[in-house]
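Number of protein chains: 2
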Amino acid sequence: MESCTKSPDLYSSVAPVCSMEDLAAPAASSMGFTYMVAASQTLGLAVILMTGAWMGVYRGGIAWENSNLQLNVHPLCMIVGMVFLQGDALLVYRIFRNESKRSTKILHGFLHALALVIALVGLIAVFEYHKKKGYSNMYSLHSWCGIAAFSFYLLQWLLGLVFFLCPGVSFSLRSRYKPLHVFFGVSLLILSITTTLLGILEMLLFKISDSYSSFVPEGVLANILGLLLVAFGAALAYILTRDEWRRSPLAEELALSMDFKTLTEGESPAGSH
Amino acid sequence: MESCTKSPDLYSSVAPVCSMEDLAAPAASSMGFTYMVAASQTLGLAVILMTGAWMGVYRGGIAWENSNLQLNVHPLCMIVGMVFLQGDALLVYRIFRNESKRSTKILHGFLHALALVIALVGLIAVFEYHKKKGYSNMYSLHSWCGIAAFSFYLLQWLLGLVFFLCPGVSFSLRSRYKPLHVFFGVSLLILSITTTLLGILEMLLFKISDSYSSFVPEGVLANILGLLLVAFGAALAYILTRDEWRRSPLAEELALSMDFKTLTEGESPAGSH
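Protein chains in written order, with my numbering: chain A, 77 to 349; chain B, 77 to 349.
Since the hints were derived computationally from the structure, they do not count as laboratory data.
Since this is a predicted model, take the numbers as computed values, not measurements.
Worth double-checking, as some hints may not be accurate.
Note: identical chains are not told apart, hence a pair may lie in one copy or across any two.
To be verified - For lysine-lysine, the following DSS-like pairs were computed, each having C-alpha atoms within a straight-line distance of at most 30 Å: (1) 181 with 254; (2) 209 with 177; (3) 207 with 283; (4) 209 with 283; (5) 208 with 283.
Build out the structure end to end from the sequences listed, making use of the hints.
Given below as structure tokens:
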């Protein structure tokens, strides 16, 4: 059976035309996809466990009331929220490709909301820690990138809610906004990972500046954590940018979307977009 | 005239079929493309100028023999090579879309080679500086990410040379390697920009750790430089990931590639890939 996905062959001038049955088929059930998702989840869990180990073994553990340990809440919350959950929220359209669009969309929005709440706890932790210690806020490159990433992420979530979950937004407007939503989604994940690397380096240079250059275990552990974060980002970006692993609309959605388009745009279902 | 690019409408089951004349037309000559390229180049030049100003005004200038000033060669070379030239090398297929594929390919390879040579000078500068000062090498997250970025970039260049410039590599092998080459190309640019941000933060925490939290001009300048680097990366990633701005094969290339495919694969020019 000829594949229904877009051919990567740039020289092919004739695009394959697919039937509705073809479009509804789980075209991405290849082993490659499964392995890549498994690798990304393994990397994501390893990153969370290593951050926990770093805070637990070398930084004295985590506590909200103790001003010294409150700082340690920050990296753990930001990595769980802004990296792992944000990343996995982007994957749901690839993994749950045979579920209905609406339930996948709600899961996508819910995971991002959870990520935002956990990240907010992480932000409060570091601002409270600074206040208790009398340290300045918002002067470092890590904090500038972090506030930019969090603010744009919140804005992206709100725009996504308005465009894709509010009824009454036209098919045409959704179609025009969607490529921007996808581009900024991947970009914000990458910016979040970059900010995390800046945070790791900043914490190392604040806490172990005297021994970092002697390859002490804490420094090596945190450096490896940084490289695993890069690998997690690369694995997710790879999965998200493969044309052949994109979610295809289910047969009933195709029919429904045609009706919706006709209703909102007044176009013939058979008309070109 | 109906656009010849792939429709972003996921619900359209019928892909447009284009004539060879359509494919050869400069479909990306939209104002949006021109503005985005202009914005990216403005950001790229601003980043180089600000790095020069940082080194010149606050770090005492640049010199190879003076061990204190040799360090300052490093950021300037890495930003010119690993960020600006590497980024612009990725843009040549979009900007020179009406030039022949072969000359565009040679320019792409040449810009990357120039980037590698300039980056190598920047690497030698920092290793020599460390040696003269008796500092340790390769212990920080910045150095780990930097060596990974440079090594994979060199490997990517060598693989690109073998697959795309050596005669005798089959059309099928080139087609299968190309999506990986493109994915790793954009990924390495992002990793290079991330590494640059780590380098900026590291230099600030080494050189102005006492005054950074007081929002001194040097710290603010370097933070803005970091944000402009993020914007440069985002502008380039946007240009490179728009389907409608991809280079379409020229009419004569289409005919030639069919012949090449037939010769190397033994397929009929009209056969499906």
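Do the hints match the structure? See the list:
no. : hint         : result
1   : 181 with 254 : within (13 Å within a copy, 32 Å between copies)
2   : 209 with 177 : neither (48 Å within a copy, 60 Å between copies)
3   : 207 with 283 : both (18 Å within a copy, 25 Å between copies)
4   : 209 with 283 : both (15 Å within a copy, 23 Å between copies)
5   : 208 with 283 : both (18 Å within a copy, 27 Å between copies)
Checked against the numbered hints listed earlier, the structure breaks hint 2 alone; every other hint is satisfied.
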